[in-house]
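Residue numbers (numbering that gives the first Met the number 0), protein chains in the order written: chain Y, 0 to 370; chain E, 0 to 150.
No lab work stands behind these hints, which were simulated from the structure alone.
A hint or two may mislead.
Covered stretches of chain Y, as calculated for chain E (at least 3 residues, CB under 8 Å) [to be verified]:
1) 229-242
2) 266-272
3) 300-312
For lysine to aspartate or glutamate, the following EDC-like pairs were computed, each having C-alpha atoms within a straight-line distance of at most 20 Å [claimed, not checked]:
4) E:60 x Y:321
5) E:8 x E:19
6) Y:300 x E:22
7) Y:54 x E:143
8) E:60 x Y:57
9) E:47 x E:107
10) Y:350 x Y:11
11) Y:54 x E:107
12) Y:54 x E:140
13) E:83 x Y:321
Even glycine gets a Cβ: it sits at the ideal position worked out from N, Cα and C.
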Amino acid sequence: MVEEVARTIDGDIIINVGPQHPATHGVLHLVITLNGETIKKVDPHLGYIHRSIEKMCESLSYRQFIYVTSRMDYLSAHINNHGCVLCVEKGMQIEVPARAQVIRVLMDELTRIASHELWWGAMAMDLGAFTPFFHAFRERETINDIMEETCGARLTMNYFVPGGVMLELHPNFQKRVKDFITLFKSKVDEYDELVTGNIIFQNRMKNVGVLSKEDAVSYGCTGPTARGSGVNCDIRKLYPYEVYDKVEFDEIIETAGDSFARYMVRIREMHQSIRIIEQLIDNIPEGDFQAKTKAVLKLPKGEFYSRVETARGEFGVYIVSEGGTTPYRIKFRSPGFSNLSALDHMARGGKLGDLVAMMGTLDLVIPDIDR
Amino acid sequence: MNIEELKIKIAELLPSATFEDGEWLTINIEPKDWPSFAQQLRYDEQLKFDFLFCLTCIDWKTHLTMVYHLTSTTFRHNIVLKAKLDRTNPEIETVSNIWKTAIFHEREVYEMFGVNFINHPDLRLLILPDGWEGKNPMRKDFEDPINMIRL
Chain Y
0 MVEEVARTID GDIIINVGPQ HPATHGVLHL VITLNGETIK KVDPHLGYIH RSIEKMCESL
60 SYRQFIYVTS RMDYLSAHIN NHGCVLCVEK GMQIEVPARA QVIRVLMDEL TRIASHELWW
120 GAMAMDLGAF TPFFHAFRER ETINDIMEET CGARLTMNYF VPGGVMLELH PNFQKRVKDF
180 ITLFKSKVDE YDELVTGNII FQNRMKNVGV LSKEDAVSYG CTGPTARGSG VNCDIRKLYP
240 YEVYDKVEFD EIIETAGDSF ARYMVRIREM HQSIRIIEQL IDNIPEGDFQ AKTKAVLKLP
300 KGEFYSRVET ARGEFGVYIV SEGGTTPYRI KFRSPGFSNL SALDHMARGG KLGDLVAMMG
360 TLDLVIPDID R
Chain E
0 MNIEELKIKI AELLPSATFE DGEWLTINIE PKDWPSFAQQ LRYDEQLKFD FLFCLTCIDW
60 KTHLTMVYHL TSTTFRHNIV LKAKLDRTNP EIETVSNIWK TAIFHEREVY EMFGVNFINH
120 PDLRLLILPD GWEGKNPMRK DFEDPINMIR L
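The task is simple: from the sequences and hints, build the whole structure.
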């Protein structure tokens with residue numbers, strides 16, 4: 000028996016991709032309207048892992064709510080925590096010791112590399128190549144080990160606290176990071192040989208999912224998604240926090256706006272992260288790793304906003320305080336949510352097979368979108 | 000432009016606006032002024048606020064406040080806009096025709112706070128499952144007997 004296919008009035012076919020689909024990297028549900036193989040509309044249905052983290056945070060103290068944010072963008076756990084502690088520190092006017100600042104930046108950049116590694120492996124797998132996944136995980140594993148030693152966790156790390164970091168660095172930290180840099184540099188050229196230079200990959204990514212500069216800004220895209228379209232949006236450069244204004248690195252900009260441009264931004268960003276780590280790893284200042292803070296934090300009445308650059312883009316934390324021990328309202332501006340909203344615009348007129356390449360280069364993490 | 004220059008410029012454009020102190024210039028506006036004022040903010044040659052980086056709502060138990068964070072990718076200045084809405088029948092004009100990111104963010108505010116965005120092209124539930132229309136989980140008086148987590 001042939002099942003009836005859902006069609007629109009114009010005779011276009013409606014299909015569901017997800018919620019359980021390998022290419023969506025989580026439980027994302029796309030309702031796609033197709034004319035033959037050409038996409039006419041992509042309608043994302045979100046919320047399959049919505050936990051209402053913002054509401055939850057309203058009943059958590061300023062120390063507790065930070066831990067929840069690791070579960071949003073779990074690949075940028077440290078950087079999410081960073082956004083939150085910066086916001087609390089801004090409200091409390093806490094001075095962070097120089098040592099803690101450097102440790103934070105080191106952790107952020109290691110996280111960024113780990114996140115981009117996973118993206119690279121998973122995206123290559125989406126496009127049909129299985130081997131790159133193992134290459135990416137070989138290096139990523141080293142970062143996970145470094146994290147495990149110092150923070151005690153491999154994925155949802157909680158290491159940043161208001162005023163600094165939670166614990167002193169593990170004695171092996173510097174050595175292992177240096178080992179990782181050597182390993183990464185010896186292997187990173189393989190990435191280009193395996194994927195970047197491959198003509199099949201290039202054909203599948205070039206001129207696919209083109210997003211113009213104006214649209215990228217209008218849709219609120221940030222991070223590598225927007226930088227692939229030529230938008231200057233690196234928060235580390237525009238609104239430097241911690242020691243980002245003292246280290247040398249380049250903001251990677253590509254102008255083509257297609258999937259390949261977004262791919263190249265992330266590949267080149269990994270090299271910049273290595274550059275930052277190299278400058279800081281031998282120059283971690285001595286001193287306290289945490290400023291002295293009160294046991295119970297109370298933010299003064301007012302509104303505080305902080306922004307950091309995660310692996311996916313601009314992460315904003317907006318705290319409205321009534322002067323109590325818990326936030327009155329908290330809003331997380333997650334990069335994935337805005338980046339996803341551009342998918343419909345990108346995909347229209349493209350082919351169904353190319354949708355995987357577009358989603359792959361948007362680097363979607365679904366808990367980050369649903370929150 | 001710095002905060003003082005922005006203040007003068009915006010007072011010219013919208014005399015009824017009131018200002019608040021803060022990290023960025025905070026402007027209180029009337030919901031009825033919002034559509035035309037938003038157009039001016041976006042297209043004025045000296046302002047060019049083309050990036051709406053945060054759109055949210057706050058429930059103050061007596062009223063709702065819509066909060067818009069804007070930045071300009073050309074001049075790099077930021078402002079915050081606030082509009083006070085009635086709690087029983089909150090309505091404000093959409094800005095999704097000016098900043099397309101508002102399409103998603105306004106849908107989120109619609110389901111979480113019940114704000115009705117006039118002329119929004121596609122105002123329906125985004126995150127919540129079907130059947131949640133009219134129940135707004137982010138409001139302070141929301142009660143869910145089954146799934147409510149109290150900490």
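Against the structure, the hints come out as follows:
Counting residues of the region 229-242 of chain Y whose CB lies closer than 8 Å to any CB of chain E gives 4, so the stated coverage by that chain holds, three being the minimum. Restraint check on the region 266-272 of chain Y versus chain E: 0 residues with Cβ-Cβ distances below 8 Å, three needed, restraint violated. Counting residues of the region 300-312 of chain Y whose CB lies closer than 8 Å to any CB of chain E gives 5, so the stated coverage by that chain holds, three being the minimum. Restraint check for residue 60 of chain E and residue 321 of chain Y: satisfied, since their Cα atoms lie roughly 13 Å apart, inside the 20 Å limit.
A C-alpha spacing of about 15 Å is found between residue 8 of chain E and residue 19 of chain E, which places the hinted pair at or below 20 Å, so the restraint holds. Taking the CA atoms of residue 300 of chain Y and residue 22 of chain E, the gap is near 13 Å; set against the 20 Å cutoff, the hint holds. Taking the CA atoms of residue 54 of chain Y and residue 143 of chain E, the gap is about 13 Å. The hint holds against a cut of 20 Å. Simply put, residue 60 of chain E and residue 57 of chain Y have alpha-carbon atoms about 14 Å apart, close enough for the 20 Å limit, and the pair holds.
With a CA separation close to 26 Å, the supplied pair residue 47 of chain E and residue 107 of chain E exceeds the 20 Å bound. With a CA separation close to 14 Å, the supplied pair residue 350 of chain Y and residue 11 of chain Y stays within the 20 Å bound. For a cut-off of 20 Å, the pair hint linking residue 54 of chain Y to residue 107 of chain E stands: about 14 Å separates their Cα positions. A hinted pair counts as satisfied when its Cα atoms are at most 20 Å apart, and residue 54 of chain Y with residue 140 of chain E qualifies at roughly 12 Å.
At roughly 18 Å between alpha-carbon atoms, residue 83 of chain E and residue 321 of chain Y fall within 20 Å of each other, so this suggested pair holds.
When held up to the earlier numbered hints, the structure conflicts with 2 and 9 and fits the remainder.
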